Amino acid sequence: MSKSLNRRDFIKISSLGLGGLAVANPIFDWLGGSMNSGESLQETIKRIPTYCEVCFWKCAGWTHLNEKGDIWKLTGNDNDPHCNGRLCPRGTGGVGMYYDDDRLKTPLIRTVVDGKQTYREASWNEAFDFIAKKMKKIADEHGPECIALFSHGSGGKHFGRMLKAFGSPNITAPSYAQCRGPREVGFFATFGEGIGSPERVDIRDTDCLVLIGSHIGENMHNGQVQEMSDAIDKDATIITVDPRFSTAASKSKHWLPIKPATDMALLLSWIHVIINNEWYDKKYIDKYAFGLDELKEHVKTYTPEWAYGITTIKPNVIRKTAKEMANAAPSVIIHPGRHVTWYGDDTQRLRAVAILNALLGSWGRRGGFYNPEKKKVAKLDIPKFPKPSKTWRDAFPDQYKLAGLALASGICDATIPAADRDCSFKAWIVNGTNLISTLPNQANTIEAIQNLDLMVVIDTMPMEITGYADVVLPECTYLERYDNLRISGHREPTIALRAPAAEPKYNSKSAWWMAKELADRLGLNDYFPFETEDQELDWQLKKVGSSLEEMKKIGLKKFERKYDDLYPLEGLPEYEFNTNTGKIELYSTAMEDEGYDPLPKFTAHEEPPTDFYRLIYGRAPMHTFSRTANNPNLTDLMDENKVWVNPKVAKEWDLKNNQEVWLENQDGIVTSFPIKVRVTERIRWDSVYMIHGFGHTDKRLSRAYGKGASDAELITQTKIDPVMGGTGMRVNFVTFLTEAPTKGAA
Amino acid sequence: MIEQIITSGKHNIGIDPVLSIWPWEVPADLFLAGLVSGLLIISTFLTLIGKRHDYPIAVKKAPIFAPFLLLIALFFLFLDLSHKMYFWQLYTNIRWTSPMSWGAWTYLFLTPLTFIWAAIHLKTAYPNWKWPYEWMENTIEYLKQYRTGLAWAILGLSLTLSMYTGILLSAFNARPIWNSAILGPLFLTSGLTSATAFILLNCPKGSNEKKLFCTVSLISLGVQTFLIIHLIMGYLSSDLAQVKAADLFLGGEFTTSFWIMIVALGTLIPAYLHVLYLKKIKVPVIIPSILILTGGFFLRYILVEAGQISHW
Amino acid sequence: MRYAMAIDTKKCVGCSDCVVACQVENNVPIGHCRDWVVEATSGTYPDLSLEIRSERCNHCTNAPCVRCCPTEASHIVDGGIVVVDHDECIGCKACITSCPYDARFVHPEGYVDKCTFCIHRVEKGENPACVSVCPTKCMYFGDTDDPNSEISQLLRKRKWKTLIPEAGTEPNIYYLT
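Just so you know, the protein sequences line up as chains A, B and C, in that order.
Numbering-wise (the numbering used here), the first sequence opens with residue 56 and increments by one.
Numbering-wise (the numbering used here), the second sequence opens with residue 621 and increments by one.
Numbering-wise (the numbering used here), the third sequence opens with residue 124 and increments by one.
Some hints here could point you the wrong way.
What the hints assert, rightly or not - Calculated cross-link-like contacts (lysine-lysine; reagent style DSS-like; alpha-carbon spacing at most 27 Å):
1. A:191 / A:212
2. A:612 / C:260
3. C:133 / A:308
4. A:431 / A:160
5. A:212 / A:445
6. A:308 / C:247
7. A:613 / C:260
8. A:160 / A:212
9. A:613 / A:434
10. C:247 / A:608
11. A:289 / C:247
12. A:429 / A:656
13. A:706 / B:864
14. C:280 / A:308
15. B:864 / C:284
16. C:133 / A:375
17. A:289 / C:133
18. C:247 / A:607
19. A:711 / B:864
20. A:219 / A:191
21. A:439 / A:219
22. C:282 / A:289
23. A:378 / C:133
24. A:308 / C:284
25. A:656 / A:456
26. A:560 / A:598
27. C:247 / A:101
28. A:598 / A:219
29. A:754 / A:774
30. C:282 / A:308
31. A:434 / A:308
32. A:608 / A:560
If you are wondering where the hints come from, they were derived from the structure by calculation, not from laboratory data.
Predicted, not measured: the structure shown is a model, and the values here were computed from it.
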């Protein structure tokens, strides 16, 4: 085993002197002489539309050029419902992505020099020929389906088109099985529709917002944060359930400091209280819901007193908060959250959330869940994609039957050959996602990578994953390229344009161009009928009555809703839901059909052993995962994470603020780097908390290397959601090492 | 538990996490300015009361060092400036509310006067001294007739300079340690003490002048002790910010340095050695003098440091 | 005319967008900042409260920095905005020590720098960069001499505080609580 692991050594590109370790201070450079005095402030000479790529919210905005024609600043587009003219800190700091000196600069191909693996600079032609040759070989030997695409971001659309044309349906993003998958499935099973992104929650107009482990404000999902602020302005009641005193908790009328991993008990108990007191929306439920009686019977024993023993939330608090929700109903949101892969029963927990919303009649009503509308934009005139003969699902017979999208973790697992499988994945194309820290169980991911015949990584930054690639392709940043139109569902349908504000720096290129070049070499030219992406966009835009020219001026176009059904269930009209029964399924027939519990049940989860603490991770408003960890503007705000420790725990371990410790998990895995302690009352004594995305191990990330510790390293255990294959990751426990662990102990 | 943290990565150099923008240059300037003004006050005062021939060291010899020490002080001040090329802007404005401004103006007027003062005493202190040009000789002879006027001017400016050293700090309400009216008198006294120490270093063995300045120094150290106690008491009886600030000297970060460097080595021990000397017990005068001078520097240094750390 | 800022601590989530926006708008070099975010937690788990404040120069009416400046580099302009004229500043740093809010710093070029309320934007009738970017819209900028301005109305309607009023500086950044 250990031999095979050496095959794909982690390569430090900088060792070849390919411009990895430039330790200049770029900001001084690009500010040039303009710092002398206030008079030489920059001015906007021109602005070019874009939509943000620093996170998935994709706010539409403007790239401002200064008098030198250089990229200066980014601002939001006033008409965009995602941001209402206000970008978040990451969006505002997006300029740092463009000016980051550590960017990938040129294509690289793995090679062996003096018996050591390293990279050599390559031309684009060389790189594409190499990839195309390997892809064809894999397709010939194993079928094109054995090539998978992992992506997170706009580039995925282009590589996806290329790969589908090549014959593989295996296109995945960690944002499903490692993040929001369970809520889509849970809500789909209940209402016949998922939540989508941006979430269809009408926070702006709500009277009561219930957050369960969702830390809006620390997760900077822009429009949602803005609307929570509007709700605060309107004096809406906020109820936050979190073992940590999150920012949102501090804004809440009720903070329920729940014992971690017991949310299901609280939800069931709320359902119990609402049904038993008949606080649910009777007319709504009578008209739309299926399975109330079964539900009522099911939750009979889930009393607040029962829940108290599990959650440590007092029965009167459970009743009081249930009453608050009922009073506000239907203008109430029990928020589905976003990163919900916690304990392996997540789909069921989200089912409970959906049921609670259903009981209160908030789905399809003002102040609850609205009905988003997307603008229909003509599909490109390209041939049909070939029908694949196998998919990733074949690797998991009779498992995860309700998974709506491909599982990133599943494809990773199905890359490691197994006796009971006749085929495993042979090639990965990875774009814009650092799988080393997005997938749980790093050792497993690395083992999967060892088994690949080809791995291509396309990224703007030398993230850890690039070190495992056979070919690294430098993608230009979003400020230097076109991309597909942003077509997202919202209260009003909109389309937004991303246009380049500068030529790509270095030898970087856009994903669209790369995908087209590859497609050409694979004989798939028909799928990329336009020579350049702006032609493609112009064609598409003309079909919706606009043009590239117009969009370059306005950036974002709003359209009228086709139907006046923003709140389709307002006034209780006849309505058929997209479920087996055509009703809101409190009792899920789809789940039952597939052999899963039709009603959510409480299961107790493992608790931390003595001297161990549950590892809870989350987000900081100024960073997106590990993607921004090297951004000069954003590292300036926060350049490392700290481990939050309750003062009681700190006293027990004699830990001081800012003391460096190493974290060790239940499997003996120790963080690569030490992390500073933050002694704070804001975390429960049975848990520790850290921000995800730090502790980078690649030295080419000059600002991020060795700063803080990586929670991803510690997530070696997962509880897999049987319904849809989500990887529950809040099941890891850590302890403190106050002295540096001795190297090479393993 | 109260936890107050800056979450946005504020790390302005010299400002965060604690203020430290005046390292040694400003304290050194304050010390030298205090010493010089002490020397000049003593010299001009003795001149004005008609005792200039009784105390040749204090009146004539010691002031010869003054202009040079003053230039060094100015140089330190210049070193501290972070936008040095704009130094001249100091002299395009007179800002009465700014101690820095009137300090600068005082330096401007005092420095030439101290050169004159030194020049007119040079020959009496060093009879062998020869001016290179005759016109210099003549000018200095001519200036001697204005000795009294000069003495008054220098006395006034020296007092101003001495006050500047205290008020530069005490004008800053923002730093509780500095925000004390005692700081002015304390620095003035300390300046005088330092001056006596400096004079003592130059006095011949067993001279009357030495005895006198030993006594003056002792009195001055006594006043200094009284002012230090007063300073601490003042903090403790003031608002919470000052009470907390005083803690820097009463168990906090600067406790050892304050009580050992300033109080013990800089004040009490030299005072004790002076007493011994006055009781005719042999003590090499260099010891108390060096202790006083070092203590004088540390008084400024520690107060400047602690002041920057203290906050509301 | 008296420009002032009111910041609603009930809405602020401490995202630090104000800090980045200021940095980019005003060419504040990396490693320095003119505004910053403070998070103050008090209490014991689970009885806790948290106040988040975006802080900056308070443009004090009784500004100690202006008083102690030996060259008039620090001065007050129309609307009460405290600014530093870079070409008059000698870098004596007295103003830095005089500021109880630690709002000033030495720019790498040598002069002292601080928040200007984005005077270059205000002159054009725009809001300061921090105010116009704030995702929670928790910051309000306006003229407190005008009783009808949004900020005046807010200050009448809501409870507020200023920072370290004991220092007697008469700050013009108000925190709505």
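Hints and how they fare:
Restraint check: the Cα-Cα separation between residue 191 of chain A and residue 212 of chain A comes to about 21 Å, which is no more than 27 Å; the hinted pair holds. At most 27 Å may separate the alpha-carbon atoms for a hinted pair to count; residue 612 of chain A and residue 260 of chain C meet this at roughly 24 Å. Restraint check for residue 133 of chain C and residue 308 of chain A: satisfied, since their Cα atoms lie roughly 12 Å apart, inside the 27 Å limit. As the CA atoms of residue 431 of chain A and residue 160 of chain A are separated by approximately 37 Å, the hinted pair breaks the 27 Å bound.
As the CA atoms of residue 212 of chain A and residue 445 of chain A are separated by approximately 21 Å, the hinted pair is consistent with the 27 Å bound. With a C-alpha separation of about 40 Å, the suggested pairing of residue 308 of chain A with residue 247 of chain C is violated against the 27 Å cut-off. A distance of roughly 23 Å separates the Cα atoms of residue 613 of chain A and residue 260 of chain C; the hinted pair therefore holds under the 27 Å criterion. The suggested pairing of residue 160 of chain A with residue 212 of chain A holds, with an alpha-carbon distance near 22 Å, which does not exceed 27 Å.
Taking the CA atoms of residue 613 of chain A and residue 434 of chain A, the gap is near 19 Å; set against the 27 Å cutoff, the hint holds. Using a Cα cut-off of 27 Å, the hinted pair residue 247 of chain C and residue 608 of chain A holds, with the two alpha carbons roughly 23 Å apart. As the CA atoms of residue 289 of chain A and residue 247 of chain C are separated by approximately 31 Å, the hinted pair breaks the 27 Å bound. For a cut-off of 27 Å, the pair hint linking residue 429 of chain A to residue 656 of chain A is broken: about 35 Å separates their Cα positions.
Straight-line distance between C-alpha atoms of residue 706 of chain A and residue 864 of chain B comes to about 25 Å, which keeps the hinted pair within the 27 Å bound. For a cut-off of 27 Å, the pair hint linking residue 280 of chain C to residue 308 of chain A stands: about 21 Å separates their Cα positions. A distance of roughly 23 Å separates the Cα atoms of residue 864 of chain B and residue 284 of chain C; the hinted pair therefore holds under the 27 Å criterion. Only pairs whose Cα atoms come within 27 Å are accepted, and residue 133 of chain C paired with residue 375 of chain A is accepted, the gap being roughly 23 Å.
A distance of roughly 12 Å separates the Cα atoms of residue 289 of chain A and residue 133 of chain C; the hinted pair therefore holds under the 27 Å criterion. For the proposed pair residue 247 of chain C and residue 607 of chain A, the alpha carbon gap of about 25 Å is at most 27 Å, so the pair holds. Proposed proximity of residue 711 of chain A and residue 864 of chain B is supported: the alpha carbons are some 22 Å apart, at most 27 Å. Of the pairs offered as hints, the one joining residue 219 of chain A and residue 191 of chain A holds, with about 14 Å between alpha carbons and a cut-off of 27 Å not exceeded.
As the CA atoms of residue 439 of chain A and residue 219 of chain A are separated by approximately 9 Å, the hinted pair is consistent with the 27 Å bound. Straight-line distance between C-alpha atoms of residue 282 of chain C and residue 289 of chain A comes to about 16 Å, which keeps the hinted pair within the 27 Å bound. Of the supplied pair hints, the one linking residue 378 of chain A and residue 133 of chain C holds, its CA atoms being roughly 24 Å apart against a limit of 27 Å. Among the hinted pairs, residue 308 of chain A with residue 284 of chain C is consistent with the structure: their alpha-carbon atoms are about 22 Å apart, no more than 27 Å.
Straight-line distance between C-alpha atoms of residue 656 of chain A and residue 456 of chain A comes to about 19 Å, which keeps the hinted pair within the 27 Å bound. Annotation: proposed proximity of residue 560 of chain A to residue 598 of chain A is violated, straight-line Cα distance about 32 Å (limit 27 Å). Between residue 247 of chain C and residue 101 of chain A the alpha-carbon distance is near 18 Å, which keeps this suggested pair within the 27 Å criterion. Between residue 598 of chain A and residue 219 of chain A, the direct Cα distance comes to roughly 24 Å. Compliance with the 27 Å bound is thereby established for this hinted pair.
For the given pair, residue 754 of chain A sits about 32 Å from residue 774 of chain A by alpha-carbon distance, which is inconsistent with the 27 Å threshold. Annotation: proposed proximity of residue 282 of chain C to residue 308 of chain A holds, straight-line Cα distance about 18 Å (limit 27 Å). Between residue 434 of chain A and residue 308 of chain A the CA atoms are separated by roughly 47 Å; this puts the pair beyond 27 Å, and the hint is violated. Between the alpha carbons of residue 608 of chain A and residue 560 of chain A the distance comes to roughly 24 Å, so the proposed pair stays at or under 27 Å and holds.
Against the hints set out earlier in the document, violations occur for numbers 4, 6, 11, 12, 26, 29 and 31.
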